[in-house]
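Colleague: Generate coordinates for the entire structure from the input sequences, incorporating the hints supplied.
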Amino acid sequence: MNANRHAVAALLAAFLIVPAFAQEPPKPAPAPQDPRVELKQRMGARYPMLEQLRDAGKIGETQLGEVKLVKASHGSEQVDAKDASKGTVTELVDAENKDRRAVYALIAKQEKTTPAEVAKQNAMRNLEKAKPDHWIEVKGQWVQRKSVRIGNDKKDEKSDKQ
Amino acid sequence: MTRKLLPAVLLAACVSHTVESAPIEIKPIHITMDINLRVQRELDEFFDFEETAKTPAPSEEQPKE
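Protein chains in written order, with the working numbering: chain X, 51 to 212; chain S, 1338 to 1402.
No lab work stands behind these hints: they were computed from the structure. Careful, some of the hints might be misleading.
Each computed DSBU-like pair below joins lysine-lysine, with the alpha-carbon atoms no more than 30 angstroms apart [as the list claims (entries may be wrong)]:
id : chain 1 : residue 1 : chain 2 : residue 2
1  : X       : Lys148    : X       : Lys162
2  : X       : Lys132    : S       : Lys1391
3  : S       : Lys1391   : X       : Lys179
4  : X       : Lys121    : S       : Lys1341
5  : X       : Lys162    : X       : Lys136
6  : X       : Lys189    : S       : Lys1341
7  : X       : Lys148    : S       : Lys1391
8  : X       : Lys170    : S       : Lys1341
9  : X       : Lys118    : X       : Lys196
10 : X       : Lys179    : X       : Lys196
11 : S       : Lys1391   : X       : Lys118
12 : X       : Lys90     : X       : Lys159
13 : X       : Lys181    : X       : Lys196
14 : X       : Lys132    : X       : Lys181
15 : X       : Lys118    : X       : Lys90
16 : X       : Lys196    : X       : Lys90
17 : X       : Lys196    : S       : Lys1391
18 : X       : Lys148    : X       : Lys118
19 : X       : Lys108    : X       : Lys148
20 : X       : Lys170    : X       : Lys108
21 : X       : Lys196    : X       : Lys170
22 : X       : Lys90     : S       : Lys1391
23 : X       : Lys108    : X       : Lys179
24 : X       : Lys148    : X       : Lys179
25 : X       : Lys189    : X       : Lys159
26 : X       : Lys181    : S       : Lys1391
27 : X       : Lys118    : X       : Lys132
28 : X       : Lys136    : S       : Lys1391
29 : X       : Lys179    : X       : Lys136
30 : S       : Lys1391   : X       : Lys108
Pulled a few chain S residues facing chain X out of the computed Cβ check, cut under 8 angstroms [what the hints assert, rightly or not]:
id : residue
31 : Arg1340
32 : Leu1342
33 : Ile1372
34 : Asn1373
35 : Val1376
36 : Gln1377
37 : Glu1379
38 : Phe1383
39 : Phe1386
40 : Glu1387
We put the beta carbon where it would ideally sit given N, CA and C, even for glycine.
Modeller: Here is the structure:
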């Protein structure tokens, strides 16, 4: 009789305990993605298209660290003639500038400076990295990178001569 | 003539002249430069995908024998 009771108790315990262990631990709520990571992913995906448009002379860089249409007429053109889902050049430019402003704000907050200062620094960075045929807006005028001289250019020239 | 001029010269010597100069402002240039460098580094770090995109991928084609 006693043995029966033990057996029943053991069975009950098995039915109660095993399912409790078999249950998967509750999944933690998905952590909100770092805005920096999201921005980087979006901008990284957009970069080849922007570079293509820069190479084609359709867009250029401004002194305010933004990308801009060299001619307004390019705005309505499709980024990719074969793929309409990529949208127009204006849409791409607007999306890029929106993300850039977010990046500038993030860095400014981190470095305790202003977004405008970060934007200026990025404009300088873009100028230095631009290809000779890329367009840069200087004081409202579009000029090609090859006709703009910056401090580092002189150093480069000297090192070339040596 | 000298007697007339002497009191005038003596009086002029008694007038106090003060030269006011604008306070010299020393801007913390080194701090600005430090922030700029940090911003540049942050920008380089964030936009590192630009360098990756520019680096040509090694061709997968095998040289023909």
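Colleague: The structure should be examined with respect to each hint, and the outcome stated for every one.
Modeller: Verification of the supplied hints:
1. Simply put, Lys148 (chain X) and Lys162 (chain X) have alpha-carbon atoms about 21 angstroms apart, close enough for the 30 angstroms limit, and the pair holds.
2. Restraint check: the Cα-Cα separation between Lys132 (chain X) and Lys1391 (chain S) comes to about 23 angstroms, which is no more than 30 angstroms; the hinted pair holds.
3. For the proposed pair Lys1391 (chain S) and Lys179 (chain X), the alpha carbon gap of about 11 angstroms is at most 30 angstroms, so the pair holds.
4. Among the hinted pairs, Lys121 (chain X) with Lys1341 (chain S) is inconsistent with the structure: their alpha-carbon atoms are about 81 angstroms apart, more than 30 angstroms.
5. With a C-alpha separation of about 36 angstroms, the suggested pair Lys162 (chain X) and Lys136 (chain X) falls outside the 30 angstroms cut-off, and the hint is violated.
6. Only pairs whose Cα atoms come within 30 angstroms are accepted, and Lys189 (chain X) paired with Lys1341 (chain S) is rejected, the gap being roughly 65 angstroms.
7. Proximity of Lys148 (chain X) to Lys1391 (chain S) is assessed by CA-CA distance (about 23 angstroms); at most 30 angstroms being required, the pair is judged to hold.
8. Of the pairs offered as hints, the one joining Lys170 (chain X) and Lys1341 (chain S) is violated, with about 68 angstroms between alpha carbons and a cut-off of 30 angstroms exceeded.
9. For the proposed pair Lys118 (chain X) and Lys196 (chain X), the alpha carbon gap of about 18 angstroms is at most 30 angstroms, so the pair holds.
10. A hinted pair counts as satisfied when its Cα atoms are at most 30 angstroms apart, and Lys179 (chain X) with Lys196 (chain X) qualifies at roughly 11 angstroms.
11. Between Lys1391 (chain S) and Lys118 (chain X) the CA atoms are separated by roughly 21 angstroms; this keeps the pair inside 30 angstroms, and the hint holds.
12. For the hint linking Lys90 (chain X) to Lys159 (chain X), the alpha-carbon distance of about 17 angstroms falls within 30 angstroms, and the restraint holds.
13. Restraint check for Lys181 (chain X) and Lys196 (chain X): satisfied, since their Cα atoms lie roughly 8 angstroms apart, inside the 30 angstroms limit.
14. Pair hint Lys132 (chain X) plus Lys181 (chain X) holds up; C-alpha atoms about 26 angstroms apart against a cutoff of 30 angstroms.
15. About 20 angstroms separates the Cα atoms of Lys118 (chain X) and Lys90 (chain X), which keeps this hinted pair within 30 angstroms; it holds.
16. Among the hinted pairs, Lys196 (chain X) with Lys90 (chain X) is consistent with the structure: their alpha-carbon atoms are about 29 angstroms apart, no more than 30 angstroms.
17. Straight-line distance between C-alpha atoms of Lys196 (chain X) and Lys1391 (chain S) comes to about 19 angstroms, which keeps the hinted pair within the 30 angstroms bound.
18. About 12 angstroms separates the Cα atoms of Lys148 (chain X) and Lys118 (chain X), which keeps this hinted pair within 30 angstroms; it holds.
19. A distance of roughly 19 angstroms separates the Cα atoms of Lys108 (chain X) and Lys148 (chain X); the hinted pair therefore holds under the 30 angstroms criterion.
20. Our distance criterion of 30 angstroms between C-alpha atoms is met by Lys170 (chain X) and Lys108 (chain X), whose separation comes to about 22 angstroms.
21. Taking the CA atoms of Lys196 (chain X) and Lys170 (chain X), the gap is near 20 angstroms; set against the 30 angstroms cutoff, the hint holds.
22. Simply put, Lys90 (chain X) and Lys1391 (chain S) have alpha-carbon atoms about 16 angstroms apart, close enough for the 30 angstroms limit, and the pair holds.
23. Simply put, Lys108 (chain X) and Lys179 (chain X) have alpha-carbon atoms about 17 angstroms apart, close enough for the 30 angstroms limit, and the pair holds.
24. Note on Lys148 (chain X) and Lys179 (chain X): the hinted pairing holds, with a Cα-Cα distance of about 21 angstroms set against a maximum of 30 angstroms.
25. Among the hinted pairs, Lys189 (chain X) with Lys159 (chain X) is consistent with the structure: their alpha-carbon atoms are about 28 angstroms apart, no more than 30 angstroms.
26. Among the hinted pairs, Lys181 (chain X) with Lys1391 (chain S) is consistent with the structure: their alpha-carbon atoms are about 12 angstroms apart, no more than 30 angstroms.
27. Distance check on the hinted pair: Lys118 (chain X) and Lys132 (chain X) sit about 23 angstroms apart at the alpha-carbon level, within 30 angstroms; holds.
28. Between Lys136 (chain X) and Lys1391 (chain S), the direct Cα distance comes to roughly 21 angstroms. Compliance with the 30 angstroms bound is thereby established for this hinted pair.
29. Taking the CA atoms of Lys179 (chain X) and Lys136 (chain X), the gap is near 26 angstroms; set against the 30 angstroms cutoff, the hint holds.
30. This hinted pair checks out: Lys1391 (chain S) and Lys108 (chain X) have alpha carbons roughly 19 angstroms apart, not beyond 30 angstroms.
31. With its C-beta approaching chain X no nearer than about 67 angstroms, Arg1340 (chain S) sits outside the 8 angstroms limit, and its interface hint is violated.
32. Because the smallest distance between the Cβ of Leu1342 (chain S) and any Cβ of chain X comes to about 60 angstroms, over 8 angstroms, the interface hint for this residue is violated.
33. Checking Ile1372 (chain S) against chain X: minimum C-beta separation of about 5 angstroms stays under 8 angstroms; hint holds.
34. Look at Asn1373 (chain S): its Cβ gets to within about 6 angstroms of chain X, closer than 8 angstroms, so that hint holds up.
35. With its C-beta approaching chain X no nearer than about 5 angstroms, Val1376 (chain S) sits inside the 8 angstroms limit, and its interface hint holds.
36. Hint status for Gln1377 (chain S) relative to chain X: holds, with the closest Cβ pair at about 6 angstroms, below 8 angstroms.
37. With 8 angstroms as the threshold, the beta carbon of Glu1379 (chain S) comes within range of chain X, its nearest partner Cβ sitting at about 5 angstroms, so the hint holds.
38. With a least beta-carbon distance of about 6 angstroms to chain X, the hint placing Phe1383 (chain S) at the interface is held under the 8 angstroms criterion.
39. Annotation: interface hint on Phe1386 (chain S) holds; nearest CB of chain X at approximately 4 angstroms, less than 8 angstroms.
40. At about 6 angstroms, the closest approach between the beta carbon of Glu1387 (chain S) and any beta carbon in chain X falls short of 8 angstroms, and the interface hint on this residue holds.
In summary, the numbered hints that this structure violates are 4, 5, 6, 8, 31, 32.
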